[in-house]
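J.: So the chains spell out like this:
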Amino acid sequence: MTTATATREGRIEIAGLTKRFGGFTAVDDLSFDVEPGRITGFLGPNGAGKTTTLRMLLGLIRPTRGTATIGGRQYTTLSRPLSTVGAALEATNFHPGRSGRDHLRVLADTSGIPTSRVDELLELTGIPAAARKRAGGYSMGMRQRLGLAAALLGDPQVLVLDEPANGLDPEGIRWLRGFLRHLSEEGKTILVSSHLLREVEQTVDDVVIIANGRLVRAGTMADLRGTPGALVRTSDVAGLAGALRVADVTSTVQDDDSLVADTTDLRLVGDVALRAGLPIYGLTPRAADLEALFFELTEGTNRNLGEAAAPAERDAVTGEEGANE
Amino acid sequence: MIPAVRSELRKFFTTRLWWGMAIAVFVSAAGFAVLFGFVVDQGGQTGPGGGQLTGDDTQVANTIYTAGISVGYLLLLTIGILAIGAEFRHKTITATFLAVPNRTRAMLAKVLALVGIGVFYGVVSLVGSVAAGSVVLRVIDRPAFPSSAVGRTLALSLLVLALWALIGLGLGILIPNQVAALFIGVAVAWIVEPLLGVLLRIWEFSRENIAPYLPSSATNSTLDIVTQSPEEIRLDWWVGALTLGAYAVVLSALGIWLLSRKDVT
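Chains as they are written, first to last, in my numbering: chain A, 1 to 325; chain B, 1 to 265.
Keep in mind the hints are simulated off the structure, nothing from the lab.
Among the hints, erroneous ones may be present.
Stated by the list, open to error - DMTMM-like, lysine to aspartate or glutamate: derived pairs with alpha carbons at most 25 angstroms apart:
(1) B:K91 with A:D119
(2) B:K91 with A:D155
(3) B:K262 with A:D119
Said to hold, decoys possible - Footprint (simulated), chain B over chain A, 3 or more residues, beta carbon under 8 angstroms:
(4) 35-41
(5) 56-68
Quick reminder that beta carbons are idealized off the backbone N, C-alpha and C, glycines included.
Chain A on its own, in the form it takes in the complex:
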């Protein structure tokens, strides 16, 4: 994943990135890459260092150590920044007395982008009329759409979006998902941060998960999900496991006396059980429990919980989820 890519264009490379604020290490020796043509989810609980990382990538915060580059260049050295990287960092960053359209025109001016492009984007993000009102009265969804329009002004190759689904209604989230998919199919590099895996689960191709400023997991969504299986409940798990093995299906016995067969073919499992003469109490397809996995990866040692809460949290996690890793 990290080597042998012919072109660096549109590729985000984070290498050894570290940021200390006084004695607090917000981001700790973080390294990962983001590939063009894919949507990458940048995940972690609140306070994990996502926003700090994105702000370092965009030249807003000076790293203590390490580098963050886009197409091999630091953001501050880009000659046409808006046409290279589009960023939407926080949905609340508008002057309440200025209309959304004027906000975009102010940004467009810096790069010689015409007003016609501004109107085109307002049309595209579905807020052409509302954007003529002053931004003070905008809903969260409006702000998100306006932020997205701002990011797209220069038709950039790379998009960096911080919590873009925050505050969107289900309809808005669906719209965003389709929109990002469309953009990634054009070959754009898209990095989307979120503190909710479930929120981006259906949107992203790759994931980068951080906790306490450190990388916990980077890979494809498919890798994270693992192989899907079938969850079976029966009277004799060992007997059914043996019968499945004969039918060339491996399986594992769970703690709660259920069985997970490594197949998606529920009929096959049912037929095998029938032939073995075992009753079936339950048979369901089983995907990896991403939510539980995410918690296990990130919440176990959350620095924000403080000393007292941390041990209890750890017990709960290791006690319950130990079998997963």
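Use these hints to put chain B onto chain A, whose structure you have.
T.: Relative to chain A, chain B alone:
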């Protein structure tokens, strides 16, 4: 650079601040011109500070035409503070630096835009003060344009307003909380500085070498208006202008330098 300046100008003229300020500048310029005109006419002996108004025809004309300028430069100080304070407060500074990642350049664009804005309000102020003031001067039987030096003062009032806007910019960066910056800026210019001026005039040395170089005194010297107190020392207009320019350059340069190193969170 030109696109960035255009962006800054659009930023300024797309909120309601600018026309509110334009009205305030115009009204204060015209209003104070009329007020001062009649003060001068009332025997010309007691000024608003309680001291004596002394000056020739040119100084009287200058005073009337720039009577509103002490309110005007405070408004420009406010504009300068808000030009950066509002960006901190509403966090639009993030968008500004994303669009122009070279921060020195982004801030120089703000400086150039503020100079333009200062000149713009200077013109607004002059339209108000010259229209009202020339009528008043005629009414009190003084020449409306006694000498060419009046033209110089009118031109310099544009410069003065631009420089105060830059002082505001520097102050707004150094004190990132815009309410605190406004409070401190106005308090220093209107309360601390006059008190300090009085205090400094007690000693011969500070009266001659420090008091005239305070920002408001330097402004008055630049515009060559009547003195309110015989003890007040006036600098040559160009020394005053250079002094005020030094405040503007030092404060805004210091602010820009600090901001270029700061983490924007």
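J.: So, for every hint listed, does it hold in this structure?
T.: Against the structure, the hints:
no.: 1; hint: B:K91 with A:D119; verdict: holds, 24 angstroms
no.: 2; hint: B:K91 with A:D155; verdict: holds, 23 angstroms
no.: 3; hint: B:K262 with A:D119; verdict: violated, 34 angstroms
no.: 4; hint: 35-41; verdict: violated (count 0)
no.: 5; hint: 56-68; verdict: holds (count 5)
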